[in-house]
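**Q** Numbered by my numbering, the letters in the sequence shown go through residues 3 to 212 in order.
No lab work stands behind these hints: they were computed from the structure. Treat the hints with caution; some may be incorrect.
List time: in silico BS3-like cross-link candidates among lysine-lysine, alpha-carbon distance up to 25 Å [claimed, not checked]: (1) Lys197 to Lys149; (2) Lys121 to Lys50; (3) Lys73 to Lys28; (4) Lys121 to Lys142; (5) Lys186 to Lys197; (6) Lys210 to Lys197; (7) Lys73 to Lys202; (8) Lys210 to Lys28; (9) Lys73 to Lys31; (10) Lys18 to Lys72; (11) Lys50 to Lys18; (12) Lys72 to Lys142; (13) Lys202 to Lys142; (14) Lys202 to Lys186; (15) Lys18 to Lys142; (16) Lys210 to Lys72; (17) Lys72 to Lys149; (18) Lys142 to Lys197; (19) Lys121 to Lys149; (20) Lys50 to Lys31; (21) Lys28 to Lys18; (22) Lys18 to Lys73; (23) Lys72 to Lys31; (24) Lys31 to Lys121; (25) Lys210 to Lys73; (26) Lys28 to Lys50; (27) Lys186 to Lys149; (28) Lys18 to Lys210; (29) Lys50 to Lys73.
Keep in mind it's a predicted model, so treat the numbers as computed, not measured.
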Amino acid sequence: MISHTDLSQLAYLELKRQILEGELEKGEKLVQERIAEQLGVSRMPLHKAFQMLESEFLVEAIPRRGYFVKKFEFQELIDAFECREVLEGLAARRLALQDDHRQIAQELFDIFQPFVHQKEVDVEAYRIADQLFHNMVRQKSDNVVLKKLDALGNYLKMTFSLGLVRTPEQTLPEHLSIIEAIRKGDGTGAEELIKAHARKTIQILVNKNA
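Required output: the full structure, derived from the provided sequences and hints.
**A** Written out as structure tokens, the structure reads:
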């Protein structure tokens, strides 16, 4: 027999996937009866799943109205990008100083290798590669705490929900420069390059919202 705890975890994982993949839209109300029927769970484990999602900044509870998929304000997006800048800077520096930095650099390069000589880049494929690159930079770091920042990780994932803020033509050379710094074991260079990469995106978002 599956316990309420197990059912809550299953519901949490499925709803988290739907939110991060955009199947549930920002600002959408989570109708308990419909979702309970869809997932085949009762309201008690579903309510627990909502609370878990709320603790990770993915949904918000509005008094007397219920739970809604969190709709992030512009400043929260900028804040998230600024966190990405700092954390990925730390991660890139740590990667470059690890014993296996050349192997990691090759794995990172392999992500973008299909796009290096393309005249017309598949934007959707590049968007996925871009997200994979940034996730791998964080996950390959030997900083245990950085890898376990799951709740903050949702904020970082949120920054990718915008799609590509800049074109592949603009960002591919930057990605390759970051990878080269990691390959050379240049911790300071890798950190500064990935932070500059994030700052350019932040500036474009700020200018668009001005």
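**Q** Decide, hint by hint, whether the structure agrees.
**A** Cross-check of the supplied hints:
1. Lys197 to Lys149: Answer holds: lysine 197 to lysine 149 is near 18 Å, not above 25 Å.
2. Lys121 to Lys50: violated, 49 Å
3. Lys73 to Lys28: holds, 5 Å
4. Lys121 to Lys142: violated, 30 Å
5. Lys186 to Lys197: Since the Cα atoms of lysine 186 and lysine 197 sit roughly 18 Å apart, the hinted pair holds (cutoff 25 Å).
6. Lys210 to Lys197: holds, 20 Å
7. Lys73 to Lys202: Given that 25 Å is the threshold and the Cα spacing comes to 24 Å, the pair holds.
8. Lys210 to Lys28: Roughly 21 Å between the alpha carbons, so the hint for lysine 210 and lysine 28 holds.
9. Lys73 to Lys31: Distance ~11 Å between lysine 73 and lysine 31 Cα, so the pair holds.
10. Lys18 to Lys72: Holds, at about 12 Å.
11. Lys50 to Lys18: Satisfied, since the Cα-Cα distance of roughly 13 Å is no more than 25 Å.
12. Lys72 to Lys142: violated, 29 Å
13. Lys202 to Lys142: holds, 24 Å
14. Lys202 to Lys186: With a Cα-Cα distance of about 24 Å, the restraint between lysine 202 and lysine 186 holds, given a limit of 25 Å.
15. Lys18 to Lys142: holds, 23 Å
16. Lys210 to Lys72: Within the cut-off at roughly 22 Å; holds.
17. Lys72 to Lys149: holds, 23 Å
18. Lys142 to Lys197: Answer holds: lysine 142 to lysine 197 is near 17 Å, not above 25 Å.
19. Lys121 to Lys149: violated, 35 Å
20. Lys50 to Lys31: holds, 16 Å
21. Lys28 to Lys18: holds, 12 Å
22. Lys18 to Lys73: holds, 14 Å
23. Lys72 to Lys31: holds, 9 Å
24. Lys31 to Lys121: Violated, at roughly 43 Å.
25. Lys210 to Lys73: Holds - the C-alpha atoms of lysine 73 and lysine 210 are around 19 Å apart, at most 25 Å.
26. Lys28 to Lys50: holds, 20 Å
27. Lys186 to Lys149: Within the cut-off at roughly 23 Å; holds.
28. Lys18 to Lys210: Roughly 29 Å between the alpha carbons, so the hint for lysine 18 and lysine 210 is violated.
29. Lys50 to Lys73: holds, 21 Å
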